[in-house]
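Construct all of the structure, not just a fragment, from the sequences and the given hints.
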Amino acid sequence: MSTRDGETFDWTAEQRQIITAPAEARLLVDAGPGTGKTATACARIAWLLTDGGVEASDIWLVSFTRTAVHELRNRIAGYLTDPGTVAAIKIATIDAHAWAIHSGFDGQASLSGSFDDNITRVTELVRGHEGVFEYLASVRHLVIDEAQDIVGPRCELLLEVIHALPRSAGVSVFSDEAQSIYGFAEDGNSSNVSGTLPEKIREFLGDQFDAYDLSEVHRTKDKTLLSVFSNGRRLVRDHRLDGKEKLQRVRGLVEKSNHGEIGMFGKDVQALPEDQVDRLLLFRRRGEALAATSYFGERPHRLRMSGLPTCIQGWIAELLWDWVKTDLDQSEFETLWTQRIGSASNPEAEVAWARIVKVAGRSGARVSMTRLVSKLASGSPPYELVLPEFGTDGPIFSTIHGSKGREANEVRLYLPGGDAWGDAEGQDLDEEARIVFVGATRAKSQLHIGQAHSKTSARRLDPSGRAFTPYPYSKGAVRARAQVEVGRANDIDCVGLVGRELYGNAVEAKAAQERVRALKAVMTSVHADLSDEEHKWRYAVSNDGNEGNLCYLNTSLNHDLFGIAKEVRRLTNLPKTLPPKALPHLRIYGIRTLAIAPDDPIREKLHAPWRDSGLVAAPMLIGYPMAYFR
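Under this note's numbering, the sequence shown is numbered contiguously, ending at residue 630.
These are calculated hints, taken from the structure and not from any lab test.
Just to be clear, a hint being listed does not mean it is correct.
Computed list of lysine to any residue pairs in SDA-like fashion (alpha-carbon distance at most 20 Å, straight line) [to be verified]:
| id | residue 1 | residue 2 |
| --- | --- | --- |
| 1 | Lys444 | Glu410 |
| 2 | Lys510 | Lys358 |
| 3 | Lys576 | Arg479 |
| 4 | Lys358 | Ser542 |
The structure displayed is predicted, hence computed values, not measured ones.
And the structure:
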């Protein structure tokens, strides 16, 4: 029995034996959905600190996403008498841990190349760099969460890290192979990986690890959901079933064991009230999730899926867009907050100051701006200054892949039509069965089943991953049109916000930034119109009914639109088509901060003061408009 956030928590016997295993033990824990895997992992770390004789700085925790890192840090702190102890634990994503090694031991380290290329380079360092061996020798316990989703180069890296650890170092690996869904991408493309981290541990390091199982479900007491949790897990782990039969049985179970069918997603989403924050709307494909948000309109909601930009808190750019000094002290921060946001005595201001001090403080009263901007511009900005979802309020629209690690009181799961998997077979269908299972087991109280598939299904454009849905027919006539995703991670860049090649002078750029900052966190309708050659043919984003542009979209969107036009032309047999002149019905969810590293040459393309501050306000833009190709 232990306490968390003032509450007593009575651990089950199967949880307790994992939590209190010796510090040097190596555990491979297979835990079903809702069995308290994350709670057990966090309590395990708390026990290592309080009873296992391990210092916080000697513990590494590897998680799958930045959002999970945030949650894990808070949970561990809740189990400790001194929550501040958790700050010394090295808690980060695989990529962030890898970058710490890469930048620390490779003089040529840079963020150029793909993420996988950088991971591969770090693996080489772990294998052969003496300094890395010494660095890893300080680790007394390594904890890996969501290990079933670690595949490919990241799997190889962590195997090498485990192999390089001192034999006296403990390792706790938590996974649920019934929820392994990242060997098959959210957009439907298979990866080239072979096997997950737990599979490879059993294959290469099995003699070092003891196997444990968590089976008692804590997420729900609802009998209908318990049937899905237990019977669904049994089905996806049944190796006697081929992929097709497994998918049919899992889908049949979910369609039978739920709290009601809700029909086609469009009508259902339109009828939903907007005040249900603890509601998760899940889709197999990103295009379907984006289309669903169109039906929800400007009512507050959030998005959770891959490919979206990292949402660094907007107040940072609002406050510091023109701050060009190397440091910022607390009195200067409070003055700026009072002038630009509100009363500096507001608890929000106190929290904001505490967070930037934690990230880049020289002391409790002074922050290094160079350090702050550098960390914000990194591939893994500090979780304390990042929004967990795209948007700040309302129900969450998500792909099933994006929902990993999340739960909600009510889940509305919109499944593709029965023929949606086409000619897929074998491992692909096996994984699709796990995807359906993962979506259904996010629910705590209620699970409703709807349909996402209509006459035409969402697709993706290679290699960018941009979603689009062709609609080649209208009232019997052939039309060159498709819904197109706008708002991917690189669609808005700093040049499009304050670049010298797009804005004649700093006054024009400042006016555009003032319009962006005025958006605050209110849902706003906007549109984008194709500009002219002087503005590089970028699409200009404007408020509906207001004068003046907010920004110009990256030309990568133009390139993708040509690619989608080619696909539409192939479907319709129409003559050569061109990208649309307008992209209507876009939405802005608020503002975020875009940070540019001090040594990034792109700064020279920006107007002052953003060239010197490196902090620009960017709209949180998303849309799935119908594009009419010319």
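Hints, verified against the model:
| no. | hint | in the structure |
| --- | --- | --- |
| 1 | Lys444 x Glu410 | holds, 7 Å |
| 2 | Lys510 x Lys358 | violated, 30 Å |
| 3 | Lys576 x Arg479 | holds, 13 Å |
| 4 | Lys358 x Ser542 | violated, 37 Å |
The structure shown violates the earlier hints numbered 2 and 4.
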